[in-house]
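> Chains A and B supply the protein sequences, listed in that same order.
Sequential numbering of the first sequence, starting at -10, is according to my numbering.
Sequential numbering of the second sequence, starting at 506, is according to my numbering.
Incorrect hints may have been included.
Said to hold, decoys possible - Taking CB as the label site, the calculated pair distances span:
hint: 1; chain 1: A; residue 1: 162; chain 2: B; residue 2: 615; range: 40 to 50 Å
hint: 2; chain 1: B; residue 1: 818; chain 2: A; residue 2: 16; range: 50 to 60 Å
hint: 3; chain 1: B; residue 1: 817; chain 2: A; residue 2: 258; range: 33 to 43 Å
hint: 4; chain 1: A; residue 1: 49; chain 2: B; residue 2: 1008; range: 24 to 34 Å
hint: 5; chain 1: A; residue 1: 167; chain 2: B; residue 2: 1084; range: 47 to 57 Å
hint: 6; chain 1: B; residue 1: 784; chain 2: A; residue 2: 248; range: 47 to 57 Å
hint: 7; chain 1: A; residue 1: 97; chain 2: B; residue 2: 1048; range: 39 to 49 Å
hint: 8; chain 1: A; residue 1: 108; chain 2: B; residue 2: 950; range: 52 to 62 Å
hint: 9; chain 1: A; residue 1: 8; chain 2: B; residue 2: 887; range: 53 to 63 Å
hint: 10; chain 1: A; residue 1: 244; chain 2: B; residue 2: 1001; range: 37 to 47 Å
hint: 11; chain 1: A; residue 1: 162; chain 2: B; residue 2: 676; range: 40 to 50 Å
hint: 12; chain 1: B; residue 1: 1067; chain 2: A; residue 2: 258; range: 35 to 45 Å
Honestly, the hints are just simulated from the structure, not real lab data.
Treat the numbers as computed from the prediction; the structure is a model and nothing was measured.
Here a beta-carbon is modelled for each residue, glycine too, at the ideal position from N, C-alpha and C.
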Amino acid sequence: MRESASPGQQAFERFWRRAAVRGAVIVLAALLLVGIYAPFLANEIAFLWVDRQGAHWPLFADLFNRTSYPRPHDLLFNLLSLLVPPLALVWWLLRRRLGIGRRLALCLGVVLIAWLLAMVPLIPTKSGWSAVWAHRPLSPFTSIEAHAGTAGSDVITAIFAPIPHRCDATYPGASLLPPGSINKATGTHFWLGTDDIGRDVLASLLFGVRISLSIGFVATGLSLLIGIAVGGASGYFGGWIDVLLQRLVEVMMCFPTFIIILSVVAMIGPDIFVIMLVIGLTSWAGTARLVRGEFLHQGVCDYVAAAEAIGVARWRIIVRHILPNTMAPIIITATFGIAGAVLSESGLSFLGLGDPTTASWGVLLEQGRENIRYPWLIYAPGIAIFVLVTCLNLIGNGLRDAFDPKST
Amino acid sequence: MNGMKIGLLAIAVFLLFLLVLDRSRQTEQFADLRKSIEALNGSIQQLGQGSVRSAPAAVESTIPHVAGAPTTGATPAAAAAEHADAVRDGNPKLGVNFLLPYDRSAFHPEWVSGTIYSLGATSKSLNPLTDTSAVTADLHSTINSELCYRPPAHPEQWMAALAESLIISDDYKVYTFTIRKGVKWQTPSIASKPEFAWIPKDVELTAHDFAFVFNLIQDPDVECPSLKSYYEDLSKIEVPDDYTLRLTWKRKVVTSLSFSMEVSPLPRHIYTRNRDGSPIPEKSIGVQFNKNWFDEERQAIGVGAYILEAYEPDKRIRYRRNPAYWGEGQHFEYLEDNCTIKQPDAQLVAFKNGDLTYSGLRPSQYKSEILDRNEPRFAAFDPNNRKAGRSGEFAWEECQTHRFSYIGWNMRSALFKDKRVRQAMSHAFPKDRIIKDVFRSLGEPVLSDVHPTSQYYNHDLKPYAFDLAEARRLLAEAGWSDTDGDGILDHEDHGKRIPLRFTVKYSKDNPEWDSTLLIFRDELRKIGVDLQLKTLEWPEMMRVYEDKDFDAVVGQWTMDWDIDYFQLWHSSQVDIPGSSNTCGFANKRLDELADKLRVTFDVPERIAIAKECQAILHEEQPYTFFMNPHSIFVWHDHGPPHKNFYLDGVTYGLDHLPPLTNRSMMYWHFVGN
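The shape of chain A in the complex, shown without the other chains:
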């Protein structure tokens, strides 16, 4: 090991040395890319459409159509699909000027601001102000039209996504078709078969990546936020604040999490965002305990005493001095947390409390349970969930080993 490397770099080297972890990171990155570019992989709408009126690029125009993509997380991913190349360039250009943390913050900031701006009505139209992300008429340049067109007389040249099916379109007469069957409406194959109302399983699977990753990141982000705030305050201040907050944590821990999630979802209704929030709001107790322990440990260190001695503000000590030193275990738990959240959502959907209008893997799996004799409905989402959760767990394990000071 090089002497000049920082502890972080050393840890990264230890992390990256393991083949299984490298594989898991690559698979996870691939899944992320699949999630981001899902509309380019599975879409009814043409990529390029040339007819007598000229050439169109309907898929791009449709990326911000709320009628096609009714959920906000879809917009985020669609935005990312356009922003990923420029952000990657910026990342590379700034590599000498800024550290990883600042570059990450910059990229996230750009995405977040773009996302928020896209939902604010800023663009003038004839009927008032409209947002980038608005309801628009559905595109007529679809694979169904093309199929009907080629059967008729119109001369059309169109380039489609590899899977020319919408993930939520129900195709007539296509109920529970086995993998490899032909879709009569478009003349193309259902490579992984269809579900009981004639939706393409493969298209649902690709869009399901988005849901699963969103659930993982949103729920875990929320639980981290609460966990760090509660644990940090509890560990740093001690005294009655600690006593009080720890009792709160104990109360939270006493509830069986999955049962709370079940009852809340049963009360509010199965909306995918409600499920994300509920998972996040109920799973922070473990993080809070961990963070409190780390803060108790770090709080007595000399650097904290030094900072206090020169009169640094308390919140600054917490955020700038102690927190970065406790990041390693937090990141490790977060990785496992994401895997746990994905599994929770699958479990909920499997029990029939999922959002039926969303193409999540859990909802697919539940269809498999209802139609138990049609194995592709179980294998496809089951393997997908297995791969994602295994990758996350492998990465979590790798991180734990890498940050463990005892391992060299």
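With chain A held as given, fit chain B onto it using these hints.
Chain B only, in chain A's frame:
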């Protein structure tokens, strides 16, 4: 250490030995039990044969005993009814007894056997008047009988049952029944306990038992508001002698026919007594009846085909064949309802294991088990032979039901007050495709609230074909267009632009509706309409119907044989809380027709009125009428060796007792009421 291991081993071997011993004994015990059951069967068969000696002998010889052999041509029962058809059109004849004689041809004493295990449910109370649940009604229809029945083959007519004759006065106001003699009340099972030794046995049914029911219903202390409203016009109940009952109605209304004739008696000798056998004072009978000791003991008796043997809430209900039954016998010695299995998948597994000998299949199970041949013990589907399912190890058959399902549009809402919008919705609803893809062709599309096989059905209605272009045109005509370019149609209402976006509320209990609405949603999306789904638990769903708190709602009604357009469609019902006119439908012409229908007794005239009502509803589309679902029944052929008793009983029922008159889906082909 080794000693301990050997000791443990010895104990394990000993336990194993005990287990094996127990097993072998069990088979012995089982054989004994089987013998005794067969002996019992034999004696009961003799008993059954004795009790139907009065039935014409020719009947038995013409019925094929082999399962699966089709009974083509008219059976004696059907022939008799057809003969009757020539002289009767369903109009009650005035001044003379017009009841058909009681028909015993559906019973075959040689088929009596065993226990049938099926699914069931229990309710909070067994009170026949104050508990309005369907479960309680089913139970009482199994253990009790009515004054008159509609013959299964010809439900427009009336057949004598507990009443041997009925004479209706010329003004349709006075009904005089002659009660059958020699009908005995069942003895409740608690009568064997010493503290209930006072309960009299072999009590004969008299007209007083019926008068007792009418008096209870009219008693202001008895808590049965819906029943009370039916009998508001009943002015006089007289019992000139033990076997004569005379009812006098204030007005001439069609509904008084069935309210007079479809009445079951209640055991006066029990409900007028306290727990210790002392008589209850006349004044407090009504109050006591609401919460009476007989219910608390989970007892109910009647004069019907089965005796309630055990009633264990959420566990099981068990009935025993009534050997002293006055009517035609029943084919099963015992009926046992299992109330513990709720999940359809678990039900199917229980059926395959033999824990249930009789069950049903959901459309998805039908697709996977039968259509896709995943369970070889079911015979394959054969489009040319509707009865092909009977030949497998597990028998199955598709049967009609008497229900229809619909999507109701709330006409109070700004979205659906225009009939063109509702018509557009019907055009955008891919009815045939959904029946095929989701319900696996288990159902037939309906156009109105009348069963397609009924004489009242209007066959001239033109269905709303699935046609998105037509739907778009109708919406444009009604002023809906996408003015703000957001892909969703909108419309100006009272100076405000409202988008065509609505939520359909439906019950969680039917997973098929998830799929149905997702397909509908996908089609509506194409014409710029945004449909949202909301599933609710059943109690919450009841509140939605009662408060009319919806834009669109999914529902299901049972189609009665008697046609009545008042309850569902009369404008007087629009603002009544809890009324059945949930969509707020009001139409002057239909009001007139509905009122007229209630006082018109002549059947051809009633048919004409009913057809016009259906034409109005078809034009207005307060509902998008969806379909009349079909059920898949499955049953085991598990009779005693060499005899197909079960299959015979069931298949005969399937062939000869159409479901229109059934109360309970479970028993319609056994309890031929």
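> Does the Cβ pair residue 49/A, residue 1008/B satisfy 24 to 34 Å?
32 Å, holds
> Taking the CB of residue 244/A and the CB of residue 1001/B, does the distance hold inside 37 to 47 Å?
45 Å, holds
> Evaluate the given range 50 to 60 Å for the C-beta pair formed by residue 818/B and residue 16/A.
Holds, at about 53 Å.
> Can you let me know if the beta-carbon spacing of residue 8/A and residue 887/B is within 53 to 63 Å?
58 Å, holds
> Falls inside 47 to 57 Å, the C-beta gap from residue 784/B to residue 248/A?
53 Å, holds
> Please check whether residue 97/A and residue 1048/B have a Cβ separation lying inside 39 to 49 Å.
46 Å, holds
> Could you check the hint for me, namely that residue 108/A and residue 950/B are 52 to 62 Å apart, CB to CB?
43 Å, violated
> Kindly confirm whether 40 to 50 Å is satisfied by the beta carbon distance between residue 162/A and residue 615/B.
48 Å, holds
> Using the Cβ atoms, figure out if residue 167/A sits within 47 to 57 Å of residue 1084/B.
49 Å, holds
> Taking the Cβ atom of residue 1067/B and the Cβ atom of residue 258/A, is their distance within the range 35 to 45 Å?
40 Å, holds
> Is 33 to 43 Å a correct range for the gap between the Cβ atoms of residue 817/B and residue 258/A?
Taking Cβ atoms as reference, residue 817/B and residue 258/A lie about 35 Å apart, which means the hint holds.
> A range of 40 to 50 Å was offered for this pair. Does it hold for the Cβ distance of residue 162/A and residue 676/B?
59 Å, violated
Checked against the numbered hints above, the structure breaks hints 8 and 11 and satisfies the rest.
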